[in-house]
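Okay, so the sequence shown: first residue is 5 according to my numbering, each after it adds one.
Mixed in with the good hints there might be a few duds.
What the hints assert, rightly or not - Okay, derived cross-link-like pairs now, DSSO-like style, lysine-lysine, Cα gap no bigger than 27 Å in a straight line: (1) 34 - 56; (2) 56 - 42; (3) 49 - 34.
Worth flagging that the hints you see were computed from the coordinates, not collected in a lab.
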Amino acid sequence: MVDRNKVKRVIPNLLVEGKTSHRFTHYRYKTVQYHLRKNERLWEKIAEQIAKILEEAEQELFGKNSNKT
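Please model the entire structure based on the sequences and the hints provided.
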């Protein structure tokens with residue numbers, strides 16, 4: 005099971021991964037950060053979607069591993 009609170013903490017880190025030193029990318033990141041901070045419902049929705057994707061990937065990986073062994 006994926007911890008949704010952990011996902012919420014990871015999202016900003018994923019956004020920072022790109023080179024934010026470039027002016028356009030930096031402002032794009034700041035805009036996303038601003039909207040996420042202002043809109044709690046959007047933040048929840050994104051965290052929910054990422055958690056769902058992670059759960060599916062986890063299930064797929066462990067499903068494949070159990071078939072091989």
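Cross-check of the supplied hints:
1. 34 - 56: 25 Å, holds
2. 56 - 42: 23 Å, holds
3. 49 - 34: Judged against 27 Å, a Cα distance of about 19 Å means the pair holds.
Hint compliance for this structure: every hint is met.
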